[in-house]
Each structure stands twice: as structure tokens, then as C-alpha cells.
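Peer 1: Listed here are the chains, written in short residue letters.
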Amino acid sequence: MLGRFLPKEMGFFDFFEKIAALTIEACNELLSLATDSQNIAGRVARIKELEHQADDVTHECIEALHKTFITPIDRTDIHSLIKRMDDIIDSVDAATSRIVLYEITQMRSESRSLAEVLVKASREIEQAVHNLRNMKHPEKVKENCIAIYQLENEGDAILRSALVRLFKEEKDAVLVIKWKEIYERLEKATDRCEQVANIISGVVIEAS
Amino acid sequence: MLGRFLPKEMGFFDFFEKIAALTIEACNELLSLATDSQNIAGRVARIKELEHQADDVTHECIEALHKTFITPIDRTDIHSLIKRMDDIIDSVDAATSRIVLYEITQMRSESRSLAEVLVKASREIEQAVHNLRNMKHPEKVKENCIAIYQLENEGDAILRSALVRLFKEEKDAVLVIKWKEIYERLEKATDRCEQVANIISGVVIEAS
Amino acid sequence: MLGRFLPKEMGFFDFFEKIAALTIEACNELLSLATDSQNIAGRVARIKELEHQADDVTHECIEALHKTFITPIDRTDIHSLIKRMDDIIDSVDAATSRIVLYEITQMRSESRSLAEVLVKASREIEQAVHNLRNMKHPEKVKENCIAIYQLENEGDAILRSALVRLFKEEKDAVLVIKWKEIYERLEKATDRCEQVANIISGVVIEAS
Chain W
235 MLGRFLPKEM
245 GFFDFFEKIA
255 ALTIEACNEL
265 LSLATDSQNI
275 AGRVARIKEL
285 EHQADDVTHE
295 CIEALHKTFI
305 TPIDRTDIHS
315 LIKRMDDIID
325 SVDAATSRIV
335 LYEITQMRSE
345 SRSLAEVLVK
355 ASREIEQAVH
365 NLRNMKHPEK
375 VKENCIAIYQ
385 LENEGDAILR
395 SALVRLFKEE
405 KDAVLVIKWK
415 EIYERLEKAT
425 DRCEQVANII
435 SGVVIEAS
Chain B
235 MLGRFLPKEM
245 GFFDFFEKIA
255 ALTIEACNEL
265 LSLATDSQNI
275 AGRVARIKEL
285 EHQADDVTHE
295 CIEALHKTFI
305 TPIDRTDIHS
315 LIKRMDDIID
325 SVDAATSRIV
335 LYEITQMRSE
345 SRSLAEVLVK
355 ASREIEQAVH
365 NLRNMKHPEK
375 VKENCIAIYQ
385 LENEGDAILR
395 SALVRLFKEE
405 KDAVLVIKWK
415 EIYERLEKAT
425 DRCEQVANII
435 SGVVIEAS
Chain D
235 MLGRFLPKEM
245 GFFDFFEKIA
255 ALTIEACNEL
265 LSLATDSQNI
275 AGRVARIKEL
285 EHQADDVTHE
295 CIEALHKTFI
305 TPIDRTDIHS
315 LIKRMDDIID
325 SVDAATSRIV
335 LYEITQMRSE
345 SRSLAEVLVK
355 ASREIEQAVH
365 NLRNMKHPEK
375 VKENCIAIYQ
385 LENEGDAILR
395 SALVRLFKEE
405 KDAVLVIKWK
415 EIYERLEKAT
425 DRCEQVANII
435 SGVVIEAS
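Residue numbers (the working numbering), protein chains in the order written: chain W, 235 to 442; chain B, 235 to 442; chain D, 235 to 442.
Here chain W stands alone, though its shape is the one from the complex:
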């Protein structure tokens, strides 16, 4: 009940941190799955669960936004930030559900590298939104964003070499179709981390 007397504005940062934590957990599940090809179905189901929880956080955040008159950062930024954060976990879920759907039983090594990039990027995002609470240290937030940009470049490079190897080595065209989609969806997740970093950068610039 005390919560109702707390400054309402705190709520938005809580939503951001909550969805960041869910994203980290989903990326960790992805990494485990890509590492040992064991219990793929169970891990994919867990990622789907986390994705649903992230949807709920997003909806709650947007409802809170509609009911709040004064917001700690620009309304549009809150809306974009929560939506774009939710997009990351959506991409991870889309990629992993394809793994089950396409009956993939053996993971390819580049999926592990992409998962590692995503674990790192989601941790940087968590720190960035945490640091957003304290606008006195914008340089810390900027460092997180720069790290995310570098990780996105890394993800892009991994996708490229993954595709080169796939097209060179895989003779089964249907498997090419399947893996190309999985890789591209994972790389899209790293792109979406970059989009989140862009919004966060904008918030910091505006506040400075």
C-alpha cells in the first residue's frame, strides 16, 4: 500500500529494469541451448514464457504511461524504449521457436557466438537503464551504449561468416532456408539492442 505514496515516476525505471532482467534470462537460456543441444524444447518453452512476461510488463508500462501526467523522461521516449526493449526478447523467441518448428537437433557453432553477443548486450542494456535513473553520470550510460554498438557490429560480422559457411558447406537447400532464417532472427535481436541504445542515447543527450 505504501507504493501508492512513492513518487509515481519511479515506476517507469522499474518497468525498464524488469524487462531488461527478463531479456538477460532469455538470452542465457538461448546460450545454454546453443551450447549443448540438450533439452532444446524445454529451453525454448522457457523463453516463450519469458517473452509473455515481457509482453505483460510492456502493457503495464504503457497503461501506466496513459495514466501519468508528468513523466521523468519524455513520454515518447518511454513508449519507444519499452516497445523496443520488448522487441529484443520477441526476436529471441522468434528465432528459438523456429529451432523447434524446423526440428533442428544439432545447433551450428555460430548460433552460440550470436547468443554470447546477446547475453553481453542485454547486460549492457540492464546497466544502461539502471544508470538512467541517475542522470548525474551520463558518461556511464554512454559507455553502455558504445559497448552495445560494438556488440551489434560483432553480431553482424558473425552473421556474415555464418552465412558464408552455410552457403558453402550445406548442400541441402531446405536446411539452408531454415538456418538462414534462424541466424537472421538472432542477428535482428542484436540490431534491436542497438535501437534501444539509440533511444537511451537520445534521452541522455536531451537531459544534458
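Read the hints as simulated data drawn from the structure, not as lab findings. Certain hints may be false.
All copies of an identical chain are treated as equivalent in the list; a pair is satisfied when it fits inside any one copy or across any two copies.
Only pairs whose alpha carbons sit at most 30 Å apart, straight line, appear in this in silico DSS-like list of lysine-lysine [unchecked claim]:
1. Lys402 <-> Lys282
2. Lys354 <-> Lys370
3. Lys422 <-> Lys374
4. Lys374 <-> Lys252
5. Lys422 <-> Lys370
6. Lys402 <-> Lys370
7. Lys282 <-> Lys354
8. Lys374 <-> Lys354
9. Lys252 <-> Lys370
10. Lys282 <-> Lys252
11. Lys422 <-> Lys317
12. Lys370 <-> Lys414
13. Lys354 <-> Lys414
14. Lys301 <-> Lys317
15. Lys376 <-> Lys317
16. Lys422 <-> Lys376
17. Lys405 <-> Lys370
18. Lys301 <-> Lys370
19. Lys252 <-> Lys354
Using the hints provided, position chains B and D relative to the given structure of chain W.
Peer 2: Then chains B and D, alone, in the frame of chain W:
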């Protein structure tokens, strides 16, 4: 001439209802086409025509928006709503023109199920925008939105089983490429129905 | 130093013209590459360079926007315009880097036709943003936009016949996958020219 003295705000709901009616007609053509594989080319051409008409409605609506000072609902919502409604028919047209382009002569059963979902969803959208005129009954609009969310989930499930069957049964990789794209474009149309429902929900929340 | 006393508003049109010039150069490289299949890697690398420069222009423009209180045209339009202009060169770069990645050594004739459309469309965009400076002649800007819409339709028609021929003639499913993606990315670049024209049209309508 009398029209000029009518409240200008009415116009926007007219645009929404007009584009909703065009969408329903396009989805019905899609359903007929998916049901009997007869006169595919003619039906696809008719959908293209409807898509052009929807473009015209969208342009007129946006021009009207630029010229209107006071709007019945938030300007940004009007802009997003008409654009996202137009996106639905664009996706239907994109899917069906692929059917002709790829010289598909035999429809697969799941395309019919996706068409049925789209017919239902477009009818819910028509009712939702109609009910938006009368903000006294927001619960009706909410019911329409919930129905659309359920239909989108249904569309997603159909896509999944369609892909599983396609990858299992179809040995011709080129046919896999063709049908995967057609299915995904149809499912994207249901996603876009959900996006429309999201905007409509937002309008209702804001008004309450 | 004199620059600081010049009206700040001039800056935004400079950014638009700069990115338009980079886009024209990238499209010309694409056309050369599609014409003679010589030095593909070198030209693709040059396009990547131009794409990075366009990114820098976009970032500078958005930073300037955050620091500018009074803008010559609507803030949102400046933001959308620079982002959507940057998207064009991104699509060209995405298409051409696939050419190298997929180890394509022989270009197909339709890639040349798409490149020609892109060269023409990017020139129209350059003229349109140049003409935006002088709002006294909105009809000129409108002519540029109409030309862009026609070019986008042309691009769409080329994509269609390219896909028909590809699916009919190419028996290697993996080559179908590769070229389908390259064509679609090139056609997406023409779509993005249309989106730029839409924003420019909106600016002209708002100013009239």
C-alpha cells in the same frame, strides 16, 4: 455543399470505416481464392484494385489531417490508425500477388484457414472503428480488440503448423521458398490486425 | 567563424543535401557493378564507405536537432526525413554486401534495371530536398515526388518480372535463395525512396 457545415471531425471515422470495408472485401476475395483455386488471377487482380482504393482513402485521410486543426481523437492516433489499417490490405495484396507471380495453381489448405482468420479479424476491426464513434461504450471496443488478439494467436498457430507440414512434406525446395513466403505474408496481415487493435485500445484508454 | 552567425536553420537542408549526394554516389557504384561485373568487391567496399558517411551525417543531424530550439520545418519531419534517407543507402549496402557474401560473380540483367531506377530516384530526391529550401515553388517539389512514385512502381514491376524469370529458369534452389534476397533488398531501396517522398510531400502540404 451542406457537408462543409457538418462537424469536420466526423470525417476521420468515415475514413476508418471505408478502409475497414475495403479490407473485409479483400479478405473475402482471399478466402474464395483459397477455397476453390478457381479464377485465381481474377481475384488477385480484384484485391490489387481494393488495395489501390485503400491507398486513396489513406492519402485523403492524411491530407484531411494536415488541414484539420481540432481532431476528435489524438492526431498521432489518427495517422497511425489509418496507416496501420492500410498495412493490412497491403499484406493481403503482397501475399496474393505472390500466388500469381510464383504460378501457384493449387492452394494449400492452411491458406484457407489463414484467410478465415483474416475475414473474422477484419470484421472485428470494422466494428471496433464503428464503436469508436460512440465513446460511451468503450467496453464494446475492448471486446473487439480482445477478439482480434485471439484471432492473431490463431493465425500464429496456423502458420506454425503450416510450416511444420510444408518442411516435412514438400521435397521441392523452390516450392518451400514460395509457400513459406506466402504463409508469412498472410500471417503478417494478422499481426497488423493486432497492431490496429493496439492503437484502438490506446485511444479507448486515453478517452477513459 | 562566420558560420555561427548564419541562420542556424540552414544546417538541416545541408544535411539533407549531403546525404542525398552520398546516396546518388552509392547508386552509381551499384549501377557500374551491375553493368560490368568487374571489380565487384572494390565497388561494394566503396558503397560500405559511403554508407558509413551517411550514418555520420544522420547522427550529426539528429544531434543538431536536439540542440536546436527553432527549426525551419517540423522537428518530427526533420528526424523522419534524415532517418528515412539514411535507410535508402542502408538497403543498397545490404543488397551489395550480399553479392560479395554469396560469392556472386555474374550479375543478372534485372539488377542493372533496378540500379537504373535507384540512380534516377536518388537524383529526384536530391532535387526535392534542394527545392525544399525555397518553399515559394512547392510545385517543383511535388513534381520530384511524383517522379519518385513512378520510379517506385517501375522498381516493383522489375522485381516481379525478375522473380518470375528467376523461379522459371534457375534450377539451383540455393541460387534462387541468394538472388531473391538481393532483388528484394534492391526493391526495398526504391520503397524507401517512396517513403522519403511521402515525408517531403507532407512537409510541402503543411507549409502551404
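Peer 1: Evaluate Lys252 and Lys354 at a C-alpha cut-off of 30 Å and name the case that applies: within, between, both or neither.
Peer 2: Within one copy only: 17 Å inside a chain, 35 Å across chains, cut-off 30 Å.
Peer 1: Within a copy, between copies, both or neither: which one fits Lys282 and Lys252 at a CA-CA cutoff of 30 Å?
Peer 2: Answer is within; shortest intra-copy Cα gap is 16 Å, inter-copy 37 Å.
Peer 1: From the Cα coordinates, with 30 Å as the cut-off, is the pair Lys354 and Lys414 best called within, between, both, or neither?
Peer 2: Within one copy, since 23 Å is at most 30 Å while 33 Å is not.
Peer 1: One pair to classify: Lys282 and Lys354, alpha carbons no more than 30 Å apart. Within, between, both, or neither?
Peer 2: So Lys282 and Lys354 pass the 30 Å test inside a copy (20 Å) and across (26 Å) alike.
Peer 1: At most 30 Å between alpha carbons: which applies to Lys422 and Lys370, within, between, both or neither?
Peer 2: neither (32 Å within a copy, 42 Å between copies)
Peer 1: One pair to classify: Lys402 and Lys282, alpha carbons no more than 30 Å apart. Within, between, both, or neither?
Peer 2: between (32 Å within a copy, 24 Å between copies)
Peer 1: How do Lys376 and Lys317 come out at 30 Å by Cα distance, when the copy is not named: within, between, both, or neither?
Peer 2: both (21 Å within a copy, 21 Å between copies)
Peer 1: Evaluate Lys354 and Lys370 at a C-alpha cut-off of 30 Å and name the case that applies: within, between, both or neither.
Peer 2: Answer is within; shortest intra-copy Cα gap is 25 Å, inter-copy 49 Å.
Peer 1: Within, between, both or neither: how does the pair Lys301, Lys317 come out at a Cα-Cα threshold of 30 Å?
Peer 2: Both. Shortest intra-copy (17 Å) and inter-copy (25 Å) distances satisfy the 30 Å Cα cut-off.
Peer 1: How do Lys374 and Lys252 come out at 30 Å by Cα distance, when the copy is not named: within, between, both, or neither?
Peer 2: within (20 Å within a copy, 32 Å between copies)
Peer 1: Between Lys422 and Lys376, at a C-alpha cutoff of 30 Å, which is it: within one copy, between copies, both, or neither?
Peer 2: within (22 Å within a copy, 32 Å between copies)
Peer 1: Given a CA cutoff of 30 Å, do Lys422 and Lys317 count as a within-copy pair, a between-copy pair, both, or neither?
Peer 2: Classified as both: same-chain Cα gap 15 Å, cross-chain 18 Å, threshold 30 Å.
Checked against the numbered hints given earlier, this structure breaks hints 5, 6, 12, 17; the rest are met.
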